[in-house]
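Asker: Based on the hints, put chain B in the right spot on chain A.
Number of protein chains: 2
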Amino acid sequence: MPAPNALYAQSGGPTAVINATAQGVIEAVRRARPAAGKLYAARNGILGALHEQLLDTDAASAEDVAALGQRPGSAFGTARYKLARFEDDEREYHRLIDVFRAHDIGLVFFNGGNDSMDTALKLSGLGRRLDYPLTCIGLPKTVDNDLPVTDCCPGFGSAAKYVAVSTREAALDVAGMARTSTKVFILEVMGRHAGWIAAAGGLAGSGAGDAPHIILFPEVPFETDRFLQRVRESVERHEYCVIVASEGARYADGRFLSEAGGTDAFGHKQLGGLAPVLANMIRE
Amino acid sequence: MPAPNALYAQSGGPTAVINATAQGVIEAVRRARPAAGKLYAARNGILGALHEQLLDTDAASAEDVAALGQRPGSAFGTARYKLARFEDDEREYHRLIDVFRAHDIGLVFFNGGNDSMDTALKLSGLGRRLDYPLTCIGLPKTVDNDLPVTDCCPGFGSAAKYVAVSTREAALDVAGMARTSTKVFILEVMGRHAGWIAAAGGLAGSGAGDAPHIILFPEVPFETDRFLQRVRESVERHEYCVIVASEGARYADGRFLSEAGGTDAFGHKQLGGLAPVLANMIRE
Numbered sequence: 047m048p049a050p051n052a053l054y055a056q057s058g059g060p061t062a063v064i065n066a067t068a069q070g071v072i073e074a075v076r077r078a079r080p081a082a083g084k085l086y087a088a089r090n091g092i093l094g095a096l097h098e099q100l101l102d103t104d105a106a107s108a109e110d111v112a113a114l115g116q117r118p119g120s121a122f123g124t125a126r127y128k129l130a131r132f133e134d135d136e137r138e139y140h141r142l143i144d145v146f147r148a149h150d151i152g153l154v155f156f157n158g159g160n161d162s163m164d165t166a167l168k169l170s171g172l173g174r175r176l177d178y179p180l181t182c183i184g185l186p187k188t189v190d191n192d193l194p195v196t197d198c199c200p201g202f203g204s205a206a207k208y209v210a211v212s213t214r215e216a217a218l219d220v221a222g223m224a225r226t227s228t229k230v231f232i233l234e235v236m237g238r239h240a241g242w243i244a245a246a247g248g249l250a251g252s253g254a255g256d257a258p259h260i261i262l263f264p265e266v267p268f269e270t271d272r273f274l275q276r277v278r279e280s281v282e283r284h285e286y287c288v289i290v291a292s293e294g295a296r297y298a299d300g301r302f303l304s305e306a307g308g309t310d311a312f313g314h315k316q317l318g319g320l321a322p323v324l325a326n327m328i329r330e
Numbered sequence: 047m048p049a050p051n052a053l054y055a056q057s058g059g060p061t062a063v064i065n066a067t068a069q070g071v072i073e074a075v076r077r078a079r080p081a082a083g084k085l086y087a088a089r090n091g092i093l094g095a096l097h098e099q100l101l102d103t104d105a106a107s108a109e110d111v112a113a114l115g116q117r118p119g120s121a122f123g124t125a126r127y128k129l130a131r132f133e134d135d136e137r138e139y140h141r142l143i144d145v146f147r148a149h150d151i152g153l154v155f156f157n158g159g160n161d162s163m164d165t166a167l168k169l170s171g172l173g174r175r176l177d178y179p180l181t182c183i184g185l186p187k188t189v190d191n192d193l194p195v196t197d198c199c200p201g202f203g204s205a206a207k208y209v210a211v212s213t214r215e216a217a218l219d220v221a222g223m224a225r226t227s228t229k230v231f232i233l234e235v236m237g238r239h240a241g242w243i244a245a246a247g248g249l250a251g252s253g254a255g256d257a258p259h260i261i262l263f264p265e266v267p268f269e270t271d272r273f274l275q276r277v278r279e280s281v282e283r284h285e286y287c288v289i290v291a292s293e294g295a296r297y298a299d300g301r302f303l304s305e306a307g308g309t310d311a312f313g314h315k316q317l318g319g320l321a322p323v324l325a326n327m328i329r330e
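Chains as they are written, first to last, in my numbering: chain A, 47 to 330; chain B, 47 to 330.
For reference, chain A alone in the conformation it holds in the complex (with noise of 0.2 Å):
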């Protein structure tokens, strides 16, 4: 018996690195052969798999494949895609056998973040509900680093490091010129329930004192009087104040200081513009 094939599916948002896990996973099956068969990668994540659009990356190079670890973005694309629930409509599923079935898979590997995590748990309990033998395996991307078990996630550090470097540049901006201008500063970083990027700015900082002066977690209720008490006293202390705030900051009976209105297609809420929500309350 041949040894069954492999789909590699990217999930969610791209990091700057999901590419180079996906260089991991087709160098490794070349290593694996004979006892791995071939490697399909997913167009658009599960996207490709529901419309059979999957590419063969045989047909890239050695050289083709080790590009990817240098590539940010998402080499084969990407989807925010929830499958139903089993239970209220088995179509995709069946669909997802089926083409599974068409090329041999019985291994597939997905890529993403918590959303991510799901479908692949929803995947994973599909052989056995279809009789289709049928391993999924999970591979971590989240710059939020907040999937269990990972200690430090694929795109987090790529994450971190821009929101350190970036908070250490303003804030050597805002105190060269805090005597006459811009006195406070806010830089808004992801991060819906997971405080780990907007703790990241701290790396900008080496000493008692330095920016940022105050970092706002999801997992610290937000508290409007002392926030502002504290905004003060940095201004009074420093001369400004370097604000790092998570877009998931929120009071604590858990309303978001920001809710843009809508929802995205996980049902989410979708926020936006924590920081002129922040900026208006110093101002009056």
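The set of hints was computed from the structure by calculation and includes no laboratory data. Just so it is clear, CB atoms sit at the ideal spot from N, CA and C, and this is done for glycine as well. It is possible that some hints are incorrect.
Said to hold, decoys possible - Some but not every residue of chain A turned toward chain B, in silico, with C-beta under 10 Å: (1) Ala-121; (2) Ala-130; (3) Leu-218; (4) Ala-221; (5) Phe-263.
Answerer: The following block gives chain B in isolation, referenced to the frame of chain A:
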């Protein structure tokens, strides 16, 4: 007669390379001795001259001075501060001449952008008015690249590279997930009256169809219908649309698309939040 001393002042917003200009001035003065005297650096730009906060640059080692060339921010502090017109209020001008006289300063290097060059012009006329031998030399610095006479102003290159790289990175991410998520991405960039920085976003693309698909310039009147039409066409043709928008984008009648209401230290209208204005336009 000993050579007169000189004063160096940084002015306006810092750039990634304004300290490299400081390095150049300090090293040039050292080389020119004994034809040149001492070189003072003003703390916080023109404020340092007014408050007699002058640093003797001889206190810095050759290594310290060389290191300036690699340091972003404003090493000596800067200011956005507008001198009154001489005709309206002479007091600050007399104060400046008093400070210059006390330190034998006959030469001023004023490092800044358009507003700073206005201050430099006022200073350069001061010697004649108040019968004090004073030469003032403007050293160009601006990210906007809109200083008359300069071709590629120190500060613009770093800003241009940043915008080009950011546009490309964001475009790769958006292209990767446009099927199921973000289809339109707007990068708002500086440049109130000059589209150089926005134009630099164009460096992100290397061929027809590459992002950015639309660049909004202050110099080209904004037409809502035409803009929305082009967004639609880009999404239809490329699946996504990347827009680089100058903060100074305006209608044919001169109104900025986004006016935040306030004015800054120079009386310019404060702009802010063009991207949400465009995003709402597209959403509707």
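Asker: Could you run down the list of hints and mark each one as holding or not?
Answerer: Cross-check of the supplied hints:
Checking Ala-121/A against chain B: minimum C-beta separation of about 8 Å stays under 10 Å; hint holds. Evaluation of the Ala-130/A hint against chain B yields a violated restraint, the C-beta minimum of about 15 Å exceeding 10 Å. Checking Leu-218/A against chain B: minimum C-beta separation of about 3 Å stays under 10 Å; hint holds. Interface hint at Ala-221/A: satisfied, since its Cβ lies 7 Å from the closest Cβ of chain B, which is below the 10 Å cut-off.
The criterion of a C-beta within 10 Å of any C-beta in chain B is not met by Phe-263/A, whose closest approach is roughly 25 Å, and the hint is violated.
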